[in-house]
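Undergrad: Sequence:
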Amino acid sequence: MAEGRIDPVVAAAPAPITSRIASGLRRTDRVVLATGGILLLLLPLSVTQFRVSLYFTLESLLLISPFLAASVLSLIHI
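Throughout the sequence shown, residue numbering follows this note's numbering, covering 1 to 78 in sequence.
Everything labelled a hint here was simulated from the structure, so no lab data went into it. Please note that the accuracy of each hint is not assured.
What the hints assert, rightly or not - Across the chosen pairs, the derived CB separations fall in these ranges:
hint: 1; residue 1: GLY36; residue 2: GLU59; range: 12 to 22 Å
hint: 2; residue 1: ARG26; residue 2: VAL52; range: 13 to 23 Å
hint: 3; residue 1: SER60; residue 2: VAL32; range: 16 to 26 Å
hint: 4; residue 1: SER74; residue 2: SER53; range: 29 to 39 Å
hint: 5; residue 1: LEU63; residue 2: LEU33; range: 11 to 21 Å
hint: 6; residue 1: PRO66; residue 2: ARG26; range: 17 to 27 Å
hint: 7; residue 1: ASP29; residue 2: PRO66; range: 12 to 22 Å
hint: 8; residue 1: GLU59; residue 2: LEU33; range: 13 to 23 Å
hint: 9; residue 1: LEU62; residue 2: ARG27; range: 26 to 36 Å
hint: 10; residue 1: SER53; residue 2: LEU33; range: 14 to 24 Å
hint: 11; residue 1: PRO66; residue 2: VAL32; range: 17 to 27 Å
hint: 12; residue 1: GLY36; residue 2: LEU62; range: 15 to 25 Å
hint: 13; residue 1: LEU33; residue 2: PHE56; range: 30 to 40 Å
Nothing here was measured: the structure is a model prediction, and the numbers come from that model. The C-beta atom is built at its ideal place from N, Cα and C for all residues, glycine as well.
Can you build the whole structure from these sequences, using the hints too?
TA: Written as structure tokens, this is what we have:
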């Protein structure tokens, strides 16, 4: 293949579904969706349970997506 030419097979490969979905959302939409999902996970019965669930939720977010974790941390001001 010539230098500087794009392989048509590579160019035609579809993007992963997550990147196609994320590219259609604005930043504020992603933050709202992430925050809503986290709030659903954080339905505590006590303050101790809240702290434990918050810790594990943020730890999971860091593993899944550092961007979402940073967004949540900036929203809840830890």
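Undergrad: Are the hints correct? Go through all of them and say.
TA: Going down the list of hints, with the structure as the test:
Our hint of 12 to 22 Å for GLY36 and GLU59 holds, since their Cβ atoms are close to 19 Å apart. In this structure the supplied range 13 to 23 Å is violated for ARG26 paired with VAL52, their Cβ-Cβ distance being about 33 Å. With their beta carbons about 19 Å apart, SER60 and VAL32 fall inside the hinted range of 16 to 26 Å. At roughly 19 Å, the beta carbons of SER74 and SER53 sit outside the given window of 29 to 39 Å.
Roughly 18 Å separates the CB atoms of LEU63 and LEU33, a value that falls within the hinted 11 to 21 Å. Between PRO66 and ARG26 the Cβ separation comes to about 19 Å, which falls inside the hinted range of 17 to 27 Å. Separation of ASP29 from PRO66 is about 19 Å and conforms to the stated range, judged on CB atoms against 12 to 22 Å. One distance hint, 13 to 23 Å for the beta-carbon pair GLU59 and LEU33, holds here, with the actual separation near 20 Å.
For LEU62 and ARG27, the Cβ-Cβ distance of about 19 Å falls outside the hinted range of 26 to 36 Å, so the restraint is violated. Range check, SER53 to LEU33: Cβ separation about 19 Å, and the 14 to 24 Å hint holds. With their beta carbons about 18 Å apart, PRO66 and VAL32 fall inside the hinted range of 17 to 27 Å. Remark: the range hint 15 to 25 Å for GLY36 to LEU62 is upheld by a beta-carbon distance near 19 Å.
Judged by the Cβ atoms, the range 30 to 40 Å given for LEU33 and PHE56 is violated: they are separated by roughly 20 Å.
Consistency note: the structure conflicts with the earlier hints numbered 2, 4, 9 and 13.
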